[in-house]
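**Q** Let chain B serve as the given structure and place chains W, U, V, A and S on it in line with the hints.
Number of protein chains: 6
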Amino acid sequence: MSRGFYIGRFQPYHNGHQSVLERIACTADEIVIGVGSAQVSHTVANPFTAGERVLMLTRSLADLDCPFYVIPIEDVQRNALWVAHVRSMTPPFDTVYSSNPLVVQLFIEAGVNVRSPEMHERLTHSGTVIRQRILDGEPWEHLVPPAVVDVIHEIHGVERLQRIAGSD
Amino acid sequence: MSRGFYIGRFQPYHNGHQSVLERIACTADEIVIGVGSAQVSHTVANPFTAGERVLMLTRSLADLDCPFYVIPIEDVQRNALWVAHVRSMTPPFDTVYSSNPLVVQLFIEAGVNVRSPEMHERLTHSGTVIRQRILDGEPWEHLVPPAVVDVIHEIHGVERLQRIAGSD
Amino acid sequence: MSRGFYIGRFQPYHNGHQSVLERIACTADEIVIGVGSAQVSHTVANPFTAGERVLMLTRSLADLDCPFYVIPIEDVQRNALWVAHVRSMTPPFDTVYSSNPLVVQLFIEAGVNVRSPEMHERLTHSGTVIRQRILDGEPWEHLVPPAVVDVIHEIHGVERLQRIAGSD
Amino acid sequence: MSRGFYIGRFQPYHNGHQSVLERIACTADEIVIGVGSAQVSHTVANPFTAGERVLMLTRSLADLDCPFYVIPIEDVQRNALWVAHVRSMTPPFDTVYSSNPLVVQLFIEAGVNVRSPEMHERLTHSGTVIRQRILDGEPWEHLVPPAVVDVIHEIHGVERLQRIAGSD
Amino acid sequence: MSRGFYIGRFQPYHNGHQSVLERIACTADEIVIGVGSAQVSHTVANPFTAGERVLMLTRSLADLDCPFYVIPIEDVQRNALWVAHVRSMTPPFDTVYSSNPLVVQLFIEAGVNVRSPEMHERLTHSGTVIRQRILDGEPWEHLVPPAVVDVIHEIHGVERLQRIAGSD
Amino acid sequence: MSRGFYIGRFQPYHNGHQSVLERIACTADEIVIGVGSAQVSHTVANPFTAGERVLMLTRSLADLDCPFYVIPIEDVQRNALWVAHVRSMTPPFDTVYSSNPLVVQLFIEAGVNVRSPEMHERLTHSGTVIRQRILDGEPWEHLVPPAVVDVIHEIHGVERLQRIAGSD
Chain B
1 MSRGFYIGRF QPYHNGHQSV LERIACTADE IVIGVGSAQV SHTVANPFTA
51 GERVLMLTRS LADLDCPFYV IPIEDVQRNA LWVAHVRSMT PPFDTVYSSN
101 PLVVQLFIEA GVNVRSPEMH ERLTHSGTVI RQRILDGEPW EHLVPPAVVD
151 VIHEIHGVER LQRIAGSD
Chain W
1 MSRGFYIGRF QPYHNGHQSV LERIACTADE IVIGVGSAQV SHTVANPFTA
51 GERVLMLTRS LADLDCPFYV IPIEDVQRNA LWVAHVRSMT PPFDTVYSSN
101 PLVVQLFIEA GVNVRSPEMH ERLTHSGTVI RQRILDGEPW EHLVPPAVVD
151 VIHEIHGVER LQRIAGSD
Chain U
1 MSRGFYIGRF QPYHNGHQSV LERIACTADE IVIGVGSAQV SHTVANPFTA
51 GERVLMLTRS LADLDCPFYV IPIEDVQRNA LWVAHVRSMT PPFDTVYSSN
101 PLVVQLFIEA GVNVRSPEMH ERLTHSGTVI RQRILDGEPW EHLVPPAVVD
151 VIHEIHGVER LQRIAGSD
Chain V
1 MSRGFYIGRF QPYHNGHQSV LERIACTADE IVIGVGSAQV SHTVANPFTA
51 GERVLMLTRS LADLDCPFYV IPIEDVQRNA LWVAHVRSMT PPFDTVYSSN
101 PLVVQLFIEA GVNVRSPEMH ERLTHSGTVI RQRILDGEPW EHLVPPAVVD
151 VIHEIHGVER LQRIAGSD
Chain A
1 MSRGFYIGRF QPYHNGHQSV LERIACTADE IVIGVGSAQV SHTVANPFTA
51 GERVLMLTRS LADLDCPFYV IPIEDVQRNA LWVAHVRSMT PPFDTVYSSN
101 PLVVQLFIEA GVNVRSPEMH ERLTHSGTVI RQRILDGEPW EHLVPPAVVD
151 VIHEIHGVER LQRIAGSD
Chain S
1 MSRGFYIGRF QPYHNGHQSV LERIACTADE IVIGVGSAQV SHTVANPFTA
51 GERVLMLTRS LADLDCPFYV IPIEDVQRNA LWVAHVRSMT PPFDTVYSSN
101 PLVVQLFIEA GVNVRSPEMH ERLTHSGTVI RQRILDGEPW EHLVPPAVVD
151 VIHEIHGVER LQRIAGSD
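Residue numbers (full-length UniProt numbering), protein chains in the order written: chain B, 1 to 168; chain W, 1 to 168; chain U, 1 to 168; chain V, 1 to 168; chain A, 1 to 168; chain S, 1 to 168.
Chain B on its own, in the form it takes in the complex (with noise of 0.2 Å):
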């Protein structure tokens, strides 16, 4: 069985993401999707808990034709353990999917076949953009899959984002 490896932080998960895994999908058995930074939330760049996130991913994928497995991944802070980490908290997988150039090194280095998808519209649809839309009060929500605004909506999302901006 081969099984394939993609990971982002998906803080939120967006159409290009969504449009990358649905084409990646059809090229192995199984998907294992590694939610990053883990422990990572509540802050400007990162607004959102592993929990959400895993949520968010699940329901936008309900209909993709490949089993998948949603893992949360905790920083280890330490680059030179980060694949050994990845793999202790992951079934195991033949092939990386990823655009990141540190990801993509650092499998190299450990002699781990990797891939690059394109990632189209990817001005538009990155994160970046997304949360500023969204502290902004601007249209976001087309660029996202339908079940992440109702998953944003349900936590409170919005709110959330636009007070804790006021930190320094």
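To be clear, the hints were calculated from the coordinates, so they are not data collected in a lab. We treat Cβ as the ideally placed atom computed from N, Cα and C, and that holds for glycine. Keep in mind that a hint or two might mislead.
Claimed, not checked - Pair ranges (Cβ atoms, derived):
1. E154(V) / S116(S): 55 to 65 Å
2. M1(V) / S116(W): 32 to 42 Å
3. E159(S) / P101(W): 49 to 59 Å
4. Q132(V) / E141(W): 19 to 29 Å
5. Q132(W) / D94(U): 27 to 37 Å
6. V158(U) / M1(V): 17 to 27 Å
7. D136(B) / E154(U): 43 to 53 Å
8. V158(W) / E118(A): 44 to 54 Å
9. D94(B) / P146(W): 15 to 25 Å
10. G111(S) / M1(V): 40 to 50 Å
What the hints assert, rightly or not - Just so you have them, the derived chain U footprint on chain V, three or more residues with Cβ under 8 Å:
11. 8-19
12. 54-65
13. 70-80
14. 83-93
**A** Same frame as chain B, but now just chains W, U, V, A and S:
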């Protein structure tokens, strides 16, 4: 939507866990399963990694009649912070199913609803008994779901446990 | 018995803090004062140890007309765990006094009553301004209670800050 | 000004501690009391949080005839760093009062003056004995100051300890 | 260039270690020696700091006929990350010499070549025996290289161990 | 015996460090060299692991005319504990050689003798300049000892740095 929470170390996942999960699955809309002490592995009492335990659970529960989440939960070494830690890593839940006195007490102090499911045949199905039978070369396969037998063989788990047991 | 909670980094404790504490002291039976980022010291932004800050506070508040506790609070690096951490280190409290947006948000999500006291003369009394004046050799002593001047001199705090500021 | 330092886990604070503190109080201008293993709670050997222990101490010492500080001290898990850690969290002190061999040795290696106060009636007043009596439903209230009885009842400490003791 | 790796806690470094190192030294171009549990000291089972152990090893191996590195290795508390941690702290090596079952298993899973050197006279030369003899005031000096006797005396190691042994 | 202590991050070790070490080597019987921020690697500012840096130093100093120790020093994230941490990991030393203001201040507060060696040609020999030249494809080899060029090539350090620099 009502969501239940169940946690164990699952070293390994066995028929006792499976029987509890099958019974509580019908009582909530979704079940969140925490894989406790996720960061511990390669010891006689905790031979398997979190990722291996996620695999055991997910495969064994393929036919469960309610949606479930399997989430590794690293220890925080601080009992007073543990409930907040669990909540940050999981989708929101309203009921906890546990017979562990410390887990029960910590969730009660946090104001969470706790139910203690009966665990039938606890003695013969406990992780301790199964690990000892693996070490002694006695039959253990009938005490766990078939998918767990497969996972343990795929990862060479018997050899790992027997080698580590020589440690002082 | 009602107990209030007030937290700051107090680098150093200054007249602005003192004025807030004197005003909120009358509104509760007892005040718990958290010394935040207790583990940080010897940096330009955080020159003083937790113990030195405990000393500044306790001496400056000798005449406060309500009982108070001064408790160092180390950072936990996990916003979602911070309220549980604070509570485990302090006597139980029912009201939080804070103007810090993150502190306010975290306690609100935990269901705690929060009041935001006005901080008069914030600009001239801020810790940043005072540390800069110490670095520049300008008068700063009138911006802090007399006991704080004593403590900073006893621990050779001016020399420490000026030497550290040479760091890159 | 001379300042003394005394440290314990205070699980719970009892008459033996009180008697030692009353005797050493007169020998220094101020006393700094460290609440050790501050991060540990909700175990059979360490049932109470640091904040609860701060409350026990402060109330019991209300009539002490010298100023005192009560400071939670988290463990650092590194004996060689422990003295530096304690010093960073406390106002400066010149004498340590301790009968604990490790505490004595670490402060001696750091060049600090150490005195070992006699602890009368050690057996009947030890924390271990008191926790066991609470667990067994035997009288324990006469072994601690009245304020400690109040605190333990307010926080439902008897129920907590008895429930946790069921843990494996 | 071939490089070997050997690890121990060396509490203290003794003739058994010395004899193993002298035998394996000739089989590689260079030897990397890891001082394990580097962060632990001042306990009965681990009385010496990493720096003191580095000194014992370096002096005792002054006449070794191959270049060697002595590297303190702090514990990471995560078996699944330990090999990556060791590799990040040491020059690259291709062979591990160890008789410790856990060390052997972890390096085997990482695909590293492992050889288990015989440890002659294990009983009389073990660290446990030597620490007990120091505690009991029995002769121990003949069980360690002369340089280790010197180091232990310089740092007042006998007094340290005996004082700490009084701890509970 | 007098022992000196010198610490740097050595990202990478360069001619400026070499020149300082050659000058201070004659002033003590032995030199202890700390490799700071040992746990950091694979970032643009800290591309090399501690083990790789140990290799750079040891090979470049093969002809140094005094015995030396090369010791990785992980960060403790607590300035007030850092001197105790360094001392626990190193053989005892009596003099520190450093121009870093924070290092100087921390050792002075600990009562250790500090000397600040001049660092000639600091600008062109700094690690920042060298890492930038590697990134820009400009010549950098003349700024480091020949052994460092070898190590960086053996570990494919140029490729690592250039790939990581694409990270955000």
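**Q** Are the hints correct? Go through all of them and say.
**A** Going down the list of hints, with the structure as the test:
| no. | hint | in the structure |
| --- | --- | --- |
| 1 | E154(V) / S116(S): 55 to 65 Å | 57 Å, holds |
| 2 | M1(V) / S116(W): 32 to 42 Å | 56 Å, violated |
| 3 | E159(S) / P101(W): 49 to 59 Å | 54 Å, holds |
| 4 | Q132(V) / E141(W): 19 to 29 Å | 43 Å, violated |
| 5 | Q132(W) / D94(U): 27 to 37 Å | 50 Å, violated |
| 6 | V158(U) / M1(V): 17 to 27 Å | 21 Å, holds |
| 7 | D136(B) / E154(U): 43 to 53 Å | 49 Å, holds |
| 8 | V158(W) / E118(A): 44 to 54 Å | 27 Å, violated |
| 9 | D94(B) / P146(W): 15 to 25 Å | 24 Å, holds |
| 10 | G111(S) / M1(V): 40 to 50 Å | 21 Å, violated |
| 11 | 8-19 | violated (count 0) |
| 12 | 54-65 | holds (count 3) |
| 13 | 70-80 | holds (count 4) |
| 14 | 83-93 | holds (count 6) |
Violated hints for the displayed structure, listed by number in ascending order: 2, 4, 5, 8, 10, 11.
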